[in-house]
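Sequence lines, in order, name chains U and D.
Just so you know, full-length UniProt numbering puts 75 at position 75 of the first sequence, and the rest follows in order with no gaps.
Just so you know, full-length UniProt numbering puts 439 at position 439 of the second sequence, and the rest follows in order with no gaps.
Among the hints, erroneous ones may be present.
If several chains are the same, the list does not tell them apart, and a pair holds so long as it fits within one copy or across any two.
[What the hints assert, rightly or not] Below, simulated PhoX-like cross-link-like pairs (lysine-lysine); rule was C-alpha separation at most 25 Å, straight line:
hint, residue 1, residue 2
1, Lys-251, Lys-336
2, Lys-251, Lys-328
3, Lys-479, Lys-467
4, Lys-208, Lys-464
5, Lys-467, Lys-208
6, Lys-479, Lys-208
7, Lys-71, Lys-126
8, Lys-302, Lys-424
Source of the hints: derived by calculation from the structure; they are not laboratory data.
As the structure is a computational prediction, the values presented were derived from the model and not from experiment.
Each chain is listed here by its residues.
There are 2 protein chains.
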Amino acid sequence: MRRALHQLCRIPPSSLQQRVCGVATIAASPRGKFSVIEDNDLSAFEKILGKNNVLTEDLDPYNTDFLHIYKGSSKCVLFPTSSEEVSAILRHCYSRNLAVVPQSGNTGLVGGSVPVYDEVVLSLKKLNKNFQFDPHTGSVECDAGLILEEASNRLAPEGYTMPWDTGSKGSCLLGGNVATGVGGARMLRYGSLHNHITGLKVVLADEKGSVVNFGSKMRKDNTNLHIHHLFIGSEGQLGVVTGISMCAVPKPSCVQVAMLGVGTYSGCRDVLQLARLYLGEILSAFEFIDGASMRCLDENKKLRSVLTSNPPFNVLVETMGSNEAHDKEKMDSFLKEALNRGLAVDGVQAANAQEAAYMWKLRNILPIAAMPDGFLCEHDIALPLEYFYEIAEILRERLGSMATRVISFGHMAEGDNHINISAKKYSNEFMAKIYPFLCEWTVEHGGSISAEHGIGQERRTYAKIGKGYEVDLARQLKKQFDPKCILSPYKMIEAL
Amino acid sequence: MRRALHQLCRIPPSSLQQRVCGVATIAASPRGKFSVIEDNDLSAFEKILGKNNVLTEDLDPYNTDFLHIYKGSSKCVLFPTSSEEVSAILRHCYSRNLAVVPQSGNTGLVGGSVPVYDEVVLSLKKLNKNFQFDPHTGSVECDAGLILEEASNRLAPEGYTMPWDTGSKGSCLLGGNVATGVGGARMLRYGSLHNHITGLKVVLADEKGSVVNFGSKMRKDNTNLHIHHLFIGSEGQLGVVTGISMCAVPKPSCVQVAMLGVGTYSGCRDVLQLARLYLGEILSAFEFIDGASMRCLDENKKLRSVLTSNPPFNVLVETMGSNEAHDKEKMDSFLKEALNRGLAVDGVQAANAQEAAYMWKLRNILPIAAMPDGFLCEHDIALPLEYFYEIAEILRERLGSMATRVISFGHMAEGDNHINISAKKYSNEFMAKIYPFLCEWTVEHGGSISAEHGIGQERRTYAKIGKGYEVDLARQLKKQFDPKCILSPYKMIEAL
Numbered sequence: 001m002r003r004a005l006h007q008l009c010r011i012p013p014s015s016l017q018q019r020v021c022g023v024a025t026i027a028a029s030p031r032g033k034f035s036v037i038e039d040n041d042l043s044a045f046e047k048i049l050g051k052n053n054v055l056t057e058d059l060d061p062y063n064t065d066f067l068h069i070y071k072g073s074s075k076c077v078l079f080p081t082s083s084e085e086v087s088a089i090l091r092h093c094y095s096r097n098l099a100v101v102p103q104s105g106n107t108g109l110v111g112g113s114v115p116v117y118d119e120v121v122l123s124l125k126k127l128n129k130n131f132q133f134d135p136h137t138g139s140v141e142c143d144a145g146l147i148l149e150e151a152s153n154r155l156a157p158e159g160y161t162m163p164w165d166t167g168s169k170g171s172c173l174l175g176g177n178v179a180t181g182v183g184g185a186r187m188l189r190y191g192s193l194h195n196h197i198t199g200l201k202v203v204l205a206d207e208k209g210s211v212v213n214f215g216s217k218m219r220k221d222n223t224n225l226h227i228h229h230l231f232i233g234s235e236g237q238l239g240v241v242t243g244i245s246m247c248a249v250p251k252p253s254c255v256q257v258a259m260l261g262v263g264t265y266s267g268c269r270d271v272l273q274l275a276r277l278y279l280g281e282i283l284s285a286f287e288f289i290d291g292a293s294m295r296c297l298d299e300n301k302k303l304r305s306v307l308t309s310n311p312p313f314n315v316l317v318e319t320m321g322s323n324e325a326h327d328k329e330k331m332d333s334f335l336k337e338a339l340n341r342g343l344a345v346d347g348v349q350a351a352n353a354q355e356a357a358y359m360w361k362l363r364n365i366l367p368i369a370a371m372p373d374g375f376l377c378e379h380d381i382a383l384p385l386e387y388f389y390e391i392a393e394i395l396r397e398r399l400g401s402m403a404t405r406v407i408s409f410g411h412m413a414e415g416d417n418h419i420n421i422s423a424k425k426y427s428n429e430f431m432a433k434i435y436p437f438l439c440e441w442t443v444e445h446g447g448s449i450s451a452e453h454g455i456g457q458e459r460r461t462y463a464k465i466g467k468g469y470e471v472d473l474a475r476q477l478k479k480q481f482d483p484k485c486i487l488s489p490y491k492m493i494e495a496l
Numbered sequence: 001m002r003r004a005l006h007q008l009c010r011i012p013p014s015s016l017q018q019r020v021c022g023v024a025t026i027a028a029s030p031r032g033k034f035s036v037i038e039d040n041d042l043s044a045f046e047k048i049l050g051k052n053n054v055l056t057e058d059l060d061p062y063n064t065d066f067l068h069i070y071k072g073s074s075k076c077v078l079f080p081t082s083s084e085e086v087s088a089i090l091r092h093c094y095s096r097n098l099a100v101v102p103q104s105g106n107t108g109l110v111g112g113s114v115p116v117y118d119e120v121v122l123s124l125k126k127l128n129k130n131f132q133f134d135p136h137t138g139s140v141e142c143d144a145g146l147i148l149e150e151a152s153n154r155l156a157p158e159g160y161t162m163p164w165d166t167g168s169k170g171s172c173l174l175g176g177n178v179a180t181g182v183g184g185a186r187m188l189r190y191g192s193l194h195n196h197i198t199g200l201k202v203v204l205a206d207e208k209g210s211v212v213n214f215g216s217k218m219r220k221d222n223t224n225l226h227i228h229h230l231f232i233g234s235e236g237q238l239g240v241v242t243g244i245s246m247c248a249v250p251k252p253s254c255v256q257v258a259m260l261g262v263g264t265y266s267g268c269r270d271v272l273q274l275a276r277l278y279l280g281e282i283l284s285a286f287e288f289i290d291g292a293s294m295r296c297l298d299e300n301k302k303l304r305s306v307l308t309s310n311p312p313f314n315v316l317v318e319t320m321g322s323n324e325a326h327d328k329e330k331m332d333s334f335l336k337e338a339l340n341r342g343l344a345v346d347g348v349q350a351a352n353a354q355e356a357a358y359m360w361k362l363r364n365i366l367p368i369a370a371m372p373d374g375f376l377c378e379h380d381i382a383l384p385l386e387y388f389y390e391i392a393e394i395l396r397e398r399l400g401s402m403a404t405r406v407i408s409f410g411h412m413a414e415g416d417n418h419i420n421i422s423a424k425k426y427s428n429e430f431m432a433k434i435y436p437f438l439c440e441w442t443v444e445h446g447g448s449i450s451a452e453h454g455i456g457q458e459r460r461t462y463a464k465i466g467k468g469y470e471v472d473l474a475r476q477l478k479k480q481f482d483p484k485c486i487l488s489p490y491k492m493i494e495a496l
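Throw the hints in and build the complete structure from the sequences for me.
Shown next as structure tokens:
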């Protein structure tokens, strides 16, 4: 499901220095000492790309992020169609000291893919010609500007599919998936992006605009440092990913979904352990939805749970496998055992694709379900399972009546917890109760303050909590790959 | 199966400059301008570690590699028991400009873990106290000096296992697995090491001996560059891995093995495609063994194939799953279909663990099967499947009667081909026919000259073929992490 283009909260129109967003009040860095774009630059870009691929009007869709929280003021969007063109652009920007923000589908949730000031927008949308597939190994070599869903569609007739999936699959690009280290819904089944990507073509923002092939199309290649992994999750800080070598996976022939009601959080952990045991290799999703989340769906979205008993906790369990009879038998055994052991107090199995889609709808609409309350403070944290739910209870007590509700849902198998807190309206007092407390508590308990969404603009204030020398090393790495630090300034790495 | 401690070919005892080994005649780099160890250094090490953990006698097992091809002349082996002790050692070595070679189980096959000259050996064998496991998520946090098999044994009672496996599991250490980017037998089922490792504790050879925690124990963590992946497969060039955060996998309850005879190489590719379709998520190994390999087993090892029809090609297919009845049904369907389609000309399914073990014995003894011919030239290359077998046929024609035999076997699903060439004895003429031809051909056809064994000392002569700026970038990365380049000199990265 594509998330609605909805405003979480508005940006004060006159101010780029002070942003109020889903995470916190963020003071943006002052503009770096980059050059300002001139007519000569535009001429140079037109010479490289042709007039049609240099946009200087109607730039709002490129200056504004997906959630309409962040807005930059770039004067120029470029549409290269090859790595060589990206190289020529970055050579020019390096020589002129022009800041650049690479942009893929612009579906990110932390303001990473839009300019903060007047950075040149380097869009990958037209870099999408090349697509090669080997049906014997599942290996894919393609341009980074391909839309995720299009890649899946090209693989389907061959019996293969992409090993990751996101709500924005209809518009996000593979290069952006790599740059943000996308997590998504299939990670439990197929593993992380680091498992799938075997090589990357990257253009660096150095003097030569170096085009570098890291890794290869081979699944096993130990002939150099595995440098391409450094670009996965790098948020455009180190270079522009223009080509991808990866492994696709055989398309599952059977998908099943069930929703279980559970009496306690500890029971949810036991159900997860049971699911791993009984569903084994076909377990593809284990989504946690607390009672408050389900009530929020009911009250704000008029969406009724599929479970009539109104249990304190709900888990959505999905399988993806290659043999329908086997998969059904495994699911039946799992459900019976969960009920017999008294772990599940209620349970419904989707009888068809429509019912399965409704269960996923309940889960997928949750990120925006509390918006009608007024002000919404969203989080994407990861926590070890022993602390996974404790934070929701702590926040409820801490915020008391200041919060309309605290809802908790997420990819529980990976400890990924979307803690969303709503209030009637924004207030400094409310935010001060949440920050930095929530981030510090998460890090103190061994968690991550950004599980899958990344840092971008939104989370940079708290990204360093609990970190030491690895932050300095990241800065050094940036300077090695991007010597003038012209790529994506004011975001994940503070290199200026 | 542990590979036999066997000499592929002897080192001329008087020469460290000229080595004859499995790959080629390699001219070692001259000794770098490092300091020579003095009594004061030994005193400093004893102060850090205690006398019992500083070894200065009987150093042969640490100076000599597993295959007895490479021999260094270190005067000192250190056994730290904590990251802090590793830090103090590296601080000292940095200040004194002493070269260091980190050593784990010393089971590598390319001479990467032994000194070339008099480098201090930093053994991880005693860094093995910490082991924590979360049965709800499968996450493990442990010291890098743990033996792989011991880690598996600790996980077994919890219903989990390690997601990778190697022939040397009884002695290799997890830190070495990470540093060499181990491939091994379970990659097809569980993915690469990059999928399992979520964080690493690393000690750097800088002024402070910095102890850095990269990544975390969370499966999803997008709060910084994913720097820990840079150490996977880094062969000790960047830092010393002392701690590992990773995900274990549920232990499969059913393992099946079958051997099929196939008439053509193209048929083997079709069988692989069929296996992916019919065995889906439980396919755990697809091993290729050509007819020449099987004849070699018969002639040199008196090991008979399980297939009586003497087919031109053989494939060993293994499954690992969670439900015996389902797994058997899947295997039956696959075997029937392979026979019905005429892809398999012969086939045997292991009826019990003993028969399965015999089939694996045939496969696992192949690396040493051609040794009795006299001189053996071993390779571990990866190739796209359309070229996977062509190279064996080309080499047979190219070498003619100079070669006793050219055998080809390996992890076909990942394109990993062990091309082993034997002759009555070593000769420069024979080697000149193989090198650089084989490496150049492999790279020209999109392959890798070292699929899983790494570069170490053995493959450095040809590691740069077909590579460009990524080699320079690797050198720059080394200098960033290891400013005086004291770690593992004369090997993968030529930084001196």
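What are the numbers of the hints the structure violates, in ascending order?
-> none
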